[in-house]
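Asker: Chains as they are written, first to last, in the numbering used here: chain W, 14 to 176; chain H, -9 to 414.
Some hints here could point you the wrong way.
Claimed, not checked - Only pairs whose alpha carbons sit at most 27 Å apart, straight line, appear in this in silico BS3-like list of lysine-lysine:
id	chain 1	residue 1	chain 2	residue 2
1	H	LYS222	W	LYS174
2	H	LYS145	W	LYS160
3	H	LYS18	W	LYS176
4	H	LYS60	W	LYS44
5	W	LYS160	H	LYS60
6	W	LYS176	H	LYS60
Hints listed in this document are in silico derivations from the structure and should not be mistaken for laboratory results.
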Amino acid sequence: MRALGHVFKYGDNVDTDVIIPARYLNSFDGKELASHAMVDIDPEFAKKVQPGDLIVANKNFGCGSSREHAPLCLKEAGVSCVIAETFARIFYRNAINIGLPIIECPEAARGIEAGDEVEVDFDSGKIYNRTKGTEFQGQAFPEFMQKLIAAGGLVNYTNNKRK
Amino acid sequence: MGMTMTQKILAAHAGLDSVVPGQLIEAKLDVVMANDITGPMAVPVFNQMADKVFDKEKVVLVPDHFTPNKDIKSAENSKSIREFSKCQCLKHYFEIGQMGIEHAILPEKGIVVAGECIIGADSHTCTYGALGAFSTGVGTTDIATGMATGELWFKVPSAIKFVLSGKPSKYVSGKDIILHIIGRIGVDGALYKSMEFVGDGIQYLSMDDRFTMANMAIEAGAKNGIFPVDEKAENYMKEHSDKEYTIYTADDDAQYDEVVEVDLSKVRPTVAFPHLPGNAHTIDEIETMEPIKIDQVVIGSCTNGRMEDMRRAAAVLKGHKVHPDVRALVIPATQKIYLQCIEEGIVTTFIEAGCAFNTPSCGPCMGGHMGVMAAGEKCVSTTNRNFVGRMGHVDSLIYLASPEVAAASAIAGCIANPEKVGDK
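Generate coordinates for the entire structure from the input sequences, incorporating the hints supplied.
Answerer: Below is the structure:
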């Protein structure tokens, strides 16, 4: 499994209120949420994002509320992977549970700029910056989470276990 | 190796003698809670896994965010969890009229007690750590899984120990202490970790102070915040709950990543400036700045909408008038608190001062309704987040503060020190 696309770059503490503001939370329709993704930090994002594109950010990405609408709107907008120095813990769980790949890698977060073309190999955790010709080793998912992702998320994982 | 309080609760709920930080476990859940934003999204996910909830007394639904319904879509969402609650025969569903903000009403109704393992599809679920429970926020898929199976996977957290000493001064409450702490460690200072509060200073903190502090553990990135169970906590649970509770204490040789000392006697009234809860300034620093004129004050929320918060704000406002340029909104967190405000004459104080006194709701905290801001407006709010656009327009500003600082600011029309308002 891999991701390939161009990068949207953000800073520290990108919170769930800017990823998907509460005024849109009266819906949980993925496509509708995707049309408002990142609107309060980057009003052009939803118009510009192409399937496969990546988000790269610094510390504490996804801090704030428990709204699963946040990873969902990014996934539905076509984001193939989020790379950050660190993630807020609820966002981390939610992203994995719905199958949005996320990788912690401080070096990549520093060495990738907006617009770079980046490829991620999820099996090895390797991140290639094709634009700059650099490579980073991201944290691969622990075995438990790989099983969960391989099952297609927590719902299937739970159903498999209960069979 | 010794365990922290949180690790002991998790070990017990995973059926293990001991756990270590980083270990992945599956733990049994005592309470699984969702609201009118996360609940409706969880219902279709739940339906993929089960027909019946694992325990109809342990699954709790509270329509509190966009209620009383702010628009048609919100009404449809509320309807879906109302119907789900009826169909599943849930014991704890709180309709408008009995409803309170989730993190105020669950302790008040005795649904959560010490020693339990609790998840809620709301990030401020960490509030119940004030009672000595392990309690954490999760998303929709996790909550649906919890509703179906009564179990969830967790990574055992390491912990930071906060040693509280000394007695806070008159106008310093739990809000000032937690803003001070987040100001010191940063909004990711406790990322993935437990915040375990200990020390002699805890005896001076009321249960409402502790709920406020545990509530904002998430604003430092923590998985949970937790207090030891002392006589005050036991008395609270005996008064509010019939449930049996279990007291866990950290081992003497428990390992902590860090120990942070906090002298409560030195904490000053503290305000978090836009756009992070960690952007803390003391009232003394603020008094040296140009006055920060404000348009709105909000007193309420899961952080500061409890009875003591109402009393503290009213004591400052009594005999004063809200500044003509300010809209002051007071929102008690539950119906019980609402009624008690009437009985104690506090509502009269608020209304005579020129405040709006509203029905329980999360309301303006997340920019839902009942106090959304326009471009360029500033608000002093007792809520928990001051992110960009949180309370409305992307160009509006939120300053987080205690009920007393909020009340003093409502009178002055700018951020103000409650110590200097003076009695009338």
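Asker: Are the hints correct? Go through all of them and say.
Answerer: Verification of the hints:
Using a Cα cut-off of 27 Å, the hinted pair H:LYS222 and W:LYS174 is violated, with the two alpha carbons roughly 43 Å apart. For the hint linking H:LYS145 to W:LYS160, the alpha-carbon distance of about 15 Å falls within 27 Å, and the restraint holds. For the given pair, H:LYS18 sits about 19 Å from W:LYS176 by alpha-carbon distance, which is consistent with the 27 Å threshold. Restraint check: the Cα-Cα separation between H:LYS60 and W:LYS44 comes to about 22 Å, which is no more than 27 Å; the hinted pair holds.
At most 27 Å may separate the alpha-carbon atoms for a hinted pair to count; W:LYS160 and H:LYS60 exceed this at roughly 41 Å. For the proposed pair W:LYS176 and H:LYS60, the alpha carbon gap of about 42 Å is over 27 Å, so the pair is violated.
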